[in-house]
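Peer 1: These protein sequences, in sequence, are chains V and E. In terms of the UniProt record's numbering, the numbers along the first sequence are unbroken and rise by one, the last being 268. In terms of the UniProt record's numbering, the numbers along the second sequence are unbroken and rise by one, the last being 266.
No wet-lab data here; the hints were simulated from the structure. Predicted model only: the values in this text are computed from it and were never measured. Any given hint could turn out to be false.
Stated by the list, open to error - Computed, partial: chain V to chain E, Cβ under 10 Å:
hint, residue
1, E19
2, K32
3, V47
4, S48
5, L155
Unchecked claim - Restricting the straight-line Cα-Cα distance to at most 20 Å, the calculated cross-link-like pairs of lysine to aspartate or glutamate (EDC-like) are:
hint, chain 1, residue 1, chain 2, residue 2
6, E, K175, V, E46
7, V, K78, E, E173
8, E, K248, E, E211
9, E, K20, V, E49
10, V, K178, V, E51
11, E, K175, V, E19
12, E, K175, V, D68
13, E, K259, E, E211
14, V, K32, V, E21
15, E, K20, V, E21
16, E, K175, E, E120
17, V, K78, E, E120
18, V, K78, E, E124
19, E, K116, E, E100
20, E, K44, E, E4
21, E, K175, V, E49
22, E, K175, V, E54
23, E, K175, V, D199
24, E, K127, E, E77
25, E, K20, V, E19
26, E, K20, V, E54
27, E, K20, V, D264
28, E, K116, V, E46
29, E, K175, E, D14
30, E, K175, E, E100
31, V, K31, V, E50
32, V, K78, E, E100
33, E, K116, V, D72
34, E, K20, V, D263
35, E, K20, V, E51
36, E, K116, E, D92
37, E, K127, V, D72
38, E, K175, V, D72
Every residue gets a Cβ at the ideal spot worked out from N, C-alpha and C, and that includes glycine.
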Amino acid sequence: MLDSLLSLGGLVLLRDSVEWEGRSLLKALVKKSALCGEQVHILGCEVSEEEFREGFDSDINNRLVYHDFFRDPLNWSKTEEALPGGPLGALRAICKRTDPGPVTIALDSLSWLLLHLPCTTLCQALHAVSHQDSCPGDSSPVGKVSVLGLLHEELHGPGPVGALSSLAQTEVTLGGTKGQASAHILCRRPRQRPTDQVDPTTHLTFNLHLSKKEREARDSLILPFQFSSEKQQALLRPRPGQATSHIFYEPDAYDDLDQEDPDDDLDI
Amino acid sequence: MFVELNNLLNTTPDRAEQGKLTLLCDAKTDGSFLVHHFLSFYLKANCKVCFVALFQSFSHYNIVGQKLGVNLTVARERGQLVFLEGLKSAVDVFFQTQEEPHPLQFLREANAGNLKPLFEFVREALKPVDGGEARWTYPVLLVDDLSVLLSLGVGAVAVLDFIHYCRATVCWELKGNMVILVHDSGDVEDEENDILLNGVSHQSHLILRAEGLATGFCRDVHGQLRILWRRPSQPTAQRDQSLTYQYKIQDKSVSFFAKGMSPAVL
Numbered sequence: 001m002l003d004s005l006l007s008l009g010g011l012v013l014l015r016d017s018v019e020w021e022g023r024s025l026l027k028a029l030v031k032k033s034a035l036c037g038e039q040v041h042i043l044g045c046e047v048s049e050e051e052f053r054e055g056f057d058s059d060i061n062n063r064l065v066y067h068d069f070f071r072d073p074l075n076w077s078k079t080e081e082a083l084p085g086g087p088l089g090a091l092r093a094i095c096k097r098t099d100p101g102p103v104t105i106a107l108d109s110l111s112w113l114l115l116h117l118p119c120t121t122l123c124q125a126l127h128a129v130s131h132q133d134s135c136p137g138d139s140s141p142v143g144k145v146s147v148l149g150l151l152h153e154e155l156h157g158p159g160p161v162g163a164l165s166s167l168a169q170t171e172v173t174l175g176g177t178k179g180q181a182s183a184h185i186l187c188r189r190p191r192q193r194p195t196d197q198v199d200p201t202t203h204l205t206f207n208l209h210l211s212k213k214e215r216e217a218r219d220s221l222i223l224p225f226q227f228s229s230e231k232q233q234a235l236l237r238p239r240p241g242q243a244t245s246h247i248f249y250e251p252d253a254y255d256d257l258d259q260e261d262p263d264d265d266l267d268i
Numbered sequence: 001m002f003v004e005l006n007n008l009l010n011t012t013p014d015r016a017e018q019g020k021l022t023l024l025c026d027a028k029t030d031g032s033f034l035v036h037h038f039l040s041f042y043l044k045a046n047c048k049v050c051f052v053a054l055f056q057s058f059s060h061y062n063i064v065g066q067k068l069g070v071n072l073t074v075a076r077e078r079g080q081l082v083f084l085e086g087l088k089s090a091v092d093v094f095f096q097t098q099e100e101p102h103p104l105q106f107l108r109e110a111n112a113g114n115l116k117p118l119f120e121f122v123r124e125a126l127k128p129v130d131g132g133e134a135r136w137t138y139p140v141l142l143v144d145d146l147s148v149l150l151s152l153g154v155g156a157v158a159v160l161d162f163i164h165y166c167r168a169t170v171c172w173e174l175k176g177n178m179v180i181l182v183h184d185s186g187d188v189e190d191e192e193n194d195i196l197l198n199g200v201s202h203q204s205h206l207i208l209r210a211e212g213l214a215t216g217f218c219r220d221v222h223g224q225l226r227i228l229w230r231r232p233s234q235p236t237a238q239r240d241q242s243l244t245y246q247y248k249i250q251d252k253s254v255s256f257f258a259k260g261m262s263p264a265v266l
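This is chain V alone, in the form it adopts within the complex (with noise of 0.2 Å):
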């Protein structure tokens, strides 16, 4: 299972709540992911650094790079240990590495980020984050990135989760009933690249396709109504000599023709 989360890469939301804690499964992503050989940054926030790195072994803890919000924060003790730009500077620092192979940046958490920073710009940054591997005209190619943000859902109002939420490849919620925990994993699939298309013409029962004669008699057809430049042409310079149009009429025993105008009395 935790294969499949982190197989999409991008952003996967960890939705828990009080009674059902979601930092456990956060550790267990960012432990699976440093036993795939990434490089794990965490942004640590709730947590002391200690009480994160409890459980893990040795080598699992030399591939973490813990940056530390936790113990000041807000920089209330005015000293130069102070990480500079906040915590979204240190997120912008970790996607400007050199080193081309994939990293996992785990948010501890971003319910913390919610709080303290505007919706916007947090949903910005990770927007530039987690879409940095598809960005064009790079020179270096960069490894793919895995955003782990855990969200506490009472927290904050729908506004700002779906936000997030549509933000996220995948999205994990946490619930369960009388001791037994359950996740319920939603994968939203990545948008396409269009040399990738399906072809919606395969496994039909019924004959989509065109032969070449017939696919170039449907690109040769003009539509009637279609406005093309020759229509336009005609309507701008009639031709001379082209006769105006004649209504040929045989009246019947029945009918009253008067040739007198009938709106001649009109005054417009």
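Model the placement of chain E on the given structure of chain V, informed by the hints.
Peer 2: Leaving out everything else, chain E in the frame of chain V:
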């Protein structure tokens, strides 16, 4: 302290866990008996206690404390108890000189910024004294109650930041404990209070929730207590245990029993 509650929580003053945040919350009832329990518990455990008392006066806690076997006046004189009496010192904010920021400095400000002066008061009160031998086991911060800060105009995020900094200093750095009371507004829609309650819930290791009975007032059963253990230290330990008991408050003790097993009914 209430011995029956100690049994339910499986703890005693001499072998209590350290570095833990306990959240007390009450809904449709008065949960202050839990505050009195923990105050006497930690004083008996020989801890250095910093009590930020915003809800009641010193004499109130002293009178109840004497019924539970602790003398707050003596504890304060010995230096074991640092007591911030919110009701009295709120007035001092206006009559004190401006040199050092008062813990309740936010009362003077038009838009209450942060609770940094209050945090610095707590840190100063609980920091270990250099030079002397350790008289006290570990520091404890007790707050009664946090919802009062919201009523005084502090934002929910500012209060959460204050709790965060206290947790980093008291629980992590000094390996002490914290006990916080937050009221649950229940049916009344109070977004700020909900954010505060849920925010502190996510940071806590133990949540004790006193609720009034759904059926209303009863002479023999005063309410229901829900106990939720969170964030176990070992990942393999049984997680998120939750227990529910009903209780009756008597003059000097509280008796707990399983739902429907009140002695008056049996």
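Peer 1: Given the hint that E/K116 pairs with E/D92, does the C-alpha gap stay at or below 20 Å?
Peer 2: Since the Cα atoms of E/K116 and E/D92 sit roughly 18 Å apart, the hinted pair holds (cutoff 20 Å).
Peer 1: So if I understand the rule, the pair passes when the alpha-carbon distance is 20 Å or less; does E/K20 with V/D264 pass?
Peer 2: 101 Å, violated
Peer 1: Would the hint linking E/K175 and E/E100 be met if the CA-CA limit is 20 Å?
Peer 2: 28 Å, violated
Peer 1: For the pair supplied as a hint, E/K175 and V/E46, confirm whether the alpha-carbon distance does not exceed 20 Å.
Peer 2: 17 Å, holds
Peer 1: Within a Cα-Cα threshold of 20 Å, do E/K175 and V/D199 meet the stated pairing?
Peer 2: Cα-Cα ~63 Å, so violated.
Peer 1: Assess, step by step, whether the Cα of E/K116 is no farther than 20 Å from the Cα of E/E100, and give holds or violated.
Peer 2: Since the Cα atoms of E/K116 and E/E100 sit roughly 12 Å apart, the hinted pair holds (cutoff 20 Å).
Peer 1: Please work out if E/K116 and V/D72 have their alpha carbons no farther apart than 20 Å.
Peer 2: 12 Å, holds
Peer 1: Using Cβ atoms only, decide whether V/K32 comes closer than 10 Å to chain E, and label the hint accordingly.
Peer 2: Status violated, d = 14 Å.
Peer 1: Take a quick look at whether E/K248 and E/E211 sit within 20 Å of each other, Cα to Cα.
Peer 2: Holds, because 12 Å separates the two Cα atoms, which is no more than 20 Å.
Peer 1: Keeping to a limit of 20 Å between CA atoms, is the pair of V/K31 and V/E50 held or broken?
Peer 2: 15 Å, holds
Peer 1: For the pair supplied as a hint, E/K20 and V/E21, is the alpha-carbon distance within the 20 Å limit?
Peer 2: 17 Å, holds
Peer 1: Would you check the hint for V/K78 and E/E173, treating anything up to 20 Å between C-alpha atoms as holding?
Peer 2: The given pair, whose Cα atoms are some 18 Å apart, holds under the 20 Å limit.
Checked against the numbered hints above, the structure breaks hints 2, 10, 11, 23, 27, 30, 34 and satisfies the rest.
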